[in-house]
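2 protein chains.
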Amino acid sequence: MERLLRVTLVVIALLMMALPAVAGAGDSAAAPGHAAALTFFWIAVILIAAKLSSLVEKIGQPSVLGELVIGVLMGNAVLVGIPFFEPLKQDAVIAFLSELGVVILLFQIGLESNIEKMKAVGLKAFAVAVVGVVVPFVLGTYLVGPWLLPGLAFHAYLFIGAVLTATSVGITARVFQDLKKLQTPEAQIVLGAAVIDDVLGLIILAVVSAIVTVGSVSIGLIGWLIAKAILFLVGSILVGQLLAAQLGKWLAKVQTGMGMKFTLAICFCLVLAFLAQQIGLAPIVGAFAAGLVLDPVHFGYFKDPKVVSDVKAAMEGCAPDVKQKVEKAIEPHAYSHVEDLIEPVAFLLVPIFFVMTGMSVRLETLFDVPILLLALGITAAAFLGKIVSGLVAGNVNKSIVGFGMIPRGEVGLIFAMMGKSLRVISDSVFAALIIMVILSTLITPPVLTYLLKRQDRKSRPSA
Amino acid sequence: MERLLRVTLVVIALLMMALPAVAGAGDSAAAPGHAAALTFFWIAVILIAAKLSSLVEKIGQPSVLGELVIGVLMGNAVLVGIPFFEPLKQDAVIAFLSELGVVILLFQIGLESNIEKMKAVGLKAFAVAVVGVVVPFVLGTYLVGPWLLPGLAFHAYLFIGAVLTATSVGITARVFQDLKKLQTPEAQIVLGAAVIDDVLGLIILAVVSAIVTVGSVSIGLIGWLIAKAILFLVGSILVGQLLAAQLGKWLAKVQTGMGMKFTLAICFCLVLAFLAQQIGLAPIVGAFAAGLVLDPVHFGYFKDPKVVSDVKAAMEGCAPDVKQKVEKAIEPHAYSHVEDLIEPVAFLLVPIFFVMTGMSVRLETLFDVPILLLALGITAAAFLGKIVSGLVAGNVNKSIVGFGMIPRGEVGLIFAMMGKSLRVISDSVFAALIIMVILSTLITPPVLTYLLKRQDRKSRPSA
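From first to last, the protein sequence lines stand for chains A and B.
For the record, in the first sequence the residue sitting at position 463 is 590 according to our numbering, with numbers rising by one throughout.
For the record, in the second sequence the residue sitting at position 35 is 162 according to our numbering, with numbers rising by one throughout.
No lab work stands behind these hints, which were simulated from the structure alone.
Small disclaimer: the values here were computed from a predicted structure and weren't measured.
We put the CB at the ideal spot given by N, CA and C, even for glycine.
Keep in mind that a hint or two might mislead.
What the hints assert, rightly or not - Far from chain B, by Cβ distances over 12 Å, these chain A residues were calculated:
no. : residue
1   : S190
2   : E239
3   : L270
4   : L279
5   : S345
6   : Q405
7   : A409
8   : A414
9   : E443
10  : F474
What the hints assert, rightly or not - Rough simulated footprint, nothing fancy, chain A against chain B, three-plus residues with beta-carbon under 8 Å:
no. : segment
11  : 262-268
12  : 320-333
13  : 388-394
14  : 552-561
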């Protein structure tokens, strides 16, 4: 607790230094670089809040949960009369940095994932994705919709079903990452299924929009959408593997510094994220594909070549076999992967995404009892539909896969907003859908953490 | 050359992949995350262009020169009918990232600088700053102005003089960094003088604006400005040293990971940059101060604690003295500084600043002969005034200090724009001042490189 107190005091001291300046910020609006400097301040506030919140790790929770919760607190502080954080919600630069943050996160996850392992679980992931799209869609459109909201147009039920299909991979990926479980088959299945789910979601969105606006949908359009998405994924992985291998060989030959490796890697990620978005997929799908194909061997580098020569010099006159053993022991440490260079960028940007995701939660929507009840019904369908998808995951921990698929996140929000702007769903249904997204986002991290730790205990019963 | 060809081919391949998408980007403006994804693409374009341009290193030039030149080419491609890069100029997010980039650069430079060395050259830096402000101001206001532009109001000459006083530290700092000369007394004097120059510039800007708008200026205002600036610099260095030492001790005690160290360091930089801007200084001055005070000992971390234990295990049964020697050889390599974590962030952001600085150069201003001649006169005064300041730098290479002070950059631009908006200077004088800023920015890197290399040759005549 003393530690917590110290951190808090330091933060308060920092904020005290800055607060009068923020309060008076309006006065000097004409000063050069004003907008940028204010954003510097907000980035610092978000990062410090995120680090403070990572104290949840002390109670065994992944730090992503802390980041989400502190975001919820910051975003709703205005409800208890603290409007301090409100400007953050309108800051376009922060919104961009948050999107860049989740792109960097999925790139990192892709780098840490193994493409061979992904291929091995490919069919299972496909099955999980399909079940995880079909079941929630059917539940939403034909059961929960008509049952909880009798008398609405079929289009409204269609949209509720569509919102339930989305999977947001960011939250789950962070939980797996925080708990160092990315290499497990469960994590690989969820990651693969989430990517496939994004493609399916793209198709559903197009079909549902066409039905609502035009009244029908052509098989040609659906075919074209599917072809585009498959072309992108297969193409970027095949072309990417070739290109990355070529680039890697070239890098190995010219002996460039880590600056070149970092730049090529990050540009690869950004270009694929951009291309994914251009064909209608989420940018994070492109970033993940980029991470998957980057050649782990060729994008490595000697982080510190001098260590080997220094140690050799120190061992002058030593027995040759000891020499060899020591050199062998050092080598893996002297050699490093481009992941290590991406990590600091992730330190800077990833917390912005999760704190801002938390900030977008509007707690006041929970205060309306009829809407809340409706939301709980929809949420139940949302959970059930995805948990069921875990059943087809084969010989792995099915609950981990099922719960890993639960978070809806931004894709669900986009569906809901589209339904609202097409006037297919009412404001109260919209609010209920938002609550469903919130609950799916906030409940998943602790549940997944519990399941992963239970699995650990089971596999080591003697511990 | 074959290497260059390969890089070019890879870049063309990447662009080919993206180009049709950019061309069709207007169609899918409604797609989610569209604006962000387009900015991802632009960041990739800037970073690849910057890395391509770093080929100037092969001809012994610092890579910052390459970044500036490729920026100039991109920014003026529209003159030869290629409007491809024009949207970049309006991208608010890119503008922010560029400002963040120069803040990160000056933080890095501050981290690499030694506060004791800075104190040792403090008086010399002060002398250089004062001469480097007074001489250009007098030259501009009383000589070049009245001589080249007879018959203008005194206020106009005053603004020309004021524009000539600014020093932009970014360019020079990058040249010293690229050539690994940051630890030389010349670099320390220039860095110190540039910070002091920013304070003097703040005062001059306030005084000149007051004279032009109100007609007079109160001693009280000047006193308050000086007091604020000194309070900030001395205060942030004193409080910062205390705070950084406290934080450092705490970090050493709680054994946090590098994530916490990185976050605290970068937040420290961002908050000081913000505070500097709030009192009217450039944010980079705050970032530099933050880098200066961060405790290099306590913000270090073991990047790879396992290397030591692995090597110990490999040396099992070895003579104790050899063991000790080897462990001693490894230790400095296993231990790392927070600088290493800032570096990848700098890889991502710093090139954006220099490419965008290059892009802001408008080559068409050089086509008007009378304006060009006027510009050359003003530029001569600008160069002379700063070169003279090197003469008071004491027992160091005076030309390196003098030329290091030459770049005007954004501070000069702000002065010029204020003069234009107050209608004190005409459009053609404004254009001439812009050309002066351009020339001071583009000529400095090669000249400084030449001087630094000549110094190297002199100090090692036998090489």
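Against the structure, the hints:
1. Distance check on S190/A: its Cβ comes as close as 9 Å (rounded) to a Cβ of chain B, failing to clear the 12 Å threshold; non-interface status is violated.
2. Non-interface call for E239/A relative to chain B: holds, since the shortest CB-CB distance, roughly 16 Å, exceeds 12 Å.
3. No Cβ of chain B approaches the Cβ of L270/A within 12 Å, the least distance being about 28 Å, so the stated non-interface status holds.
4. Residue-level check passed: L279/A sits 25 Å from the nearest beta carbon of chain B, beyond 12 Å.
5. Distance check on S345/A: its Cβ is at least 19 Å (rounded) from any Cβ of chain B, clearing the 12 Å threshold; non-interface status holds.
6. For Q405/A, the non-interface assignment is contradicted: its Cβ lies about 4 Å from the closest Cβ of chain B, within the 12 Å cut-off.
7. Chain B draws A409/A into its interface by the beta-carbon criterion, the shortest separation being 7 Å against a cut-off of 12 Å.
8. Taking the minimum C-beta to C-beta distance to chain B, about 9 Å, the non-interface status of A414/A is violated against the 12 Å cut.
9. A beta-carbon of chain B comes within 12 Å of the beta-carbon of E443/A; the shortest separation is about 9 Å.
10. Against the 12 Å criterion, F474/A falls within the reach of chain B, whose nearest CB is about 5 Å from its own CB.
11. With a cut-off of 8 Å between beta carbons, the segment 262-268 of chain B has 0 residues touching chain A; three or more are needed, and the interface restraint is violated.
12. With a threshold of 8 Å between beta carbons, the proposed coverage of the segment 320-333 of chain B by chain A is violated, since 0 of its residues qualify and at least three are required.
13. For the segment 388-394 of chain B, the stated coverage by chain A is satisfied: 5 residues place a CB nearer than 8 Å to a CB of that chain, which reaches the threshold of 3.
14. Proximity of the segment 552-561 of chain B to chain A, defined as three or more residues with a beta carbon under 8 Å from a beta carbon of that chain, is not established by the 0 residues found.
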